[in-house]
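Student: What follows is the residue order along each chain.
Number of protein chains: 2
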Amino acid sequence: MVQFKASLDVSFAALSDATRRGILERLGQADASITELADAFGMTLTGMKKHVGVLEAAGLVVTQKVGRVRTCKLSLRGLEEEAAWIEQRRRLWEARFDALDEIVDELAQKEKTHGRKKRS
Amino acid sequence: MVQFKASLDVSFAALSDATRRGILERLGQADASITELADAFGMTLTGMKKHVGVLEAAGLVVTQKVGRVRTCKLSLRGLEEEAAWIEQRRRLWEARFDALDEIVDELAQKEKTHGRKKRS
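Quick note, the sequences are listed as chains A and B, same order.
Anchor point for the first sequence: position 74 equals 74 in the working numbering, and the numbering is continuous, going up by one each time.
Anchor point for the second sequence: position 2 equals 2 in the working numbering, and the numbering is continuous, going up by one each time.
In case anyone wonders, no lab produced these hints; they're calculated from the structure.
One or more of the hints may lead you astray.
The list makes no distinction among identical chains, and a pair is therefore deemed to hold if it is satisfied within one copy or across any two copies.
As the list claims (entries may be wrong) - Within a straight-line C-alpha distance of at most 25 Å, the following computed SDA-like cross-link-like pairs (lysine to any residue) qualify:
id: 1; residue 1: Lys73; residue 2: Val62
id: 2; residue 1: Lys73; residue 2: Leu8
id: 3; residue 1: Lys49; residue 2: Thr19
id: 4; residue 1: Lys73; residue 2: Arg96
id: 5; residue 1: Lys73; residue 2: Asp105
Sequences and hints are given; from them, build the entire structure.
Tutor: Following this line, the structure appears as structure tokens:
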């Protein structure tokens with residue numbers, strides 16, 4: 001459970017940067033070398049290596065070095081855990097607002113009845 | 001578009017902390033004061049105020065001060081944008097792995113045919 005929480009810490013932090021989200025989108029189209037990614041995002045190789053390192057540590061990207069080229073690809077694990085956490089929260093969130101809606105409706109109904117009683 | 005991206009930066013960063021995710025879970029059950037949250041998570045008021053501040057800046061929590069008590073509740077906007085981004089990525093991710101599966105199947109098929117030819 002702690003392991004799971006720690007991995008969400010790392011992966012949500014990895015997703016909290018527009019460039020890193022962009023890299024995931026780019027790798028969703030095709031695998032790419034660090035050089036290709038650096039070119040695509042107008043960055044230095046050093047800067048791109050850091051971003052890819054963060055994504056790799058979060059288990060979102062895997063890299064493989066063949067000769068002098070390091071190729072990056074999406075990891076197989078995908079975004080399952082992150083999606084599951086958000087989906088579960090959203091469901092509770094909605095249930096909570098539905099419950100509040102019911103209370104408001106109930107109060108409105110009481111107000112209506114009360115109004116009628118006053119008038120009669 | 002830049003606005004949208006910036007807000008995802010802030011909200012994914014807000015979600016990258018287990019205590020802050022815990023606060024969202026707690027507020028999903030009932031509204032709570034800063035003091036109640038601090039007690040629930042065994043934290044100082046100052047520490048809890050910081051966490052709530054991060055969630056408020058990300059638009060995930062709203063707070064209201066009545067007298068000396070600041071009450072925290074989930075914001076109405078929910079986690080829609082974050083869920084949409086993750087869901088879109090997951091779909092592309094799956095499509096990409098499905099395409100890879102097809103290539104692997106195709107190669108396996110060729111290998112099989114090739115094997116048969118060799119044997120005959």
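Student: Taking the numbered hints from earlier one at a time, note which ones the structure violates and give those numbers from smallest to largest.
Tutor: none
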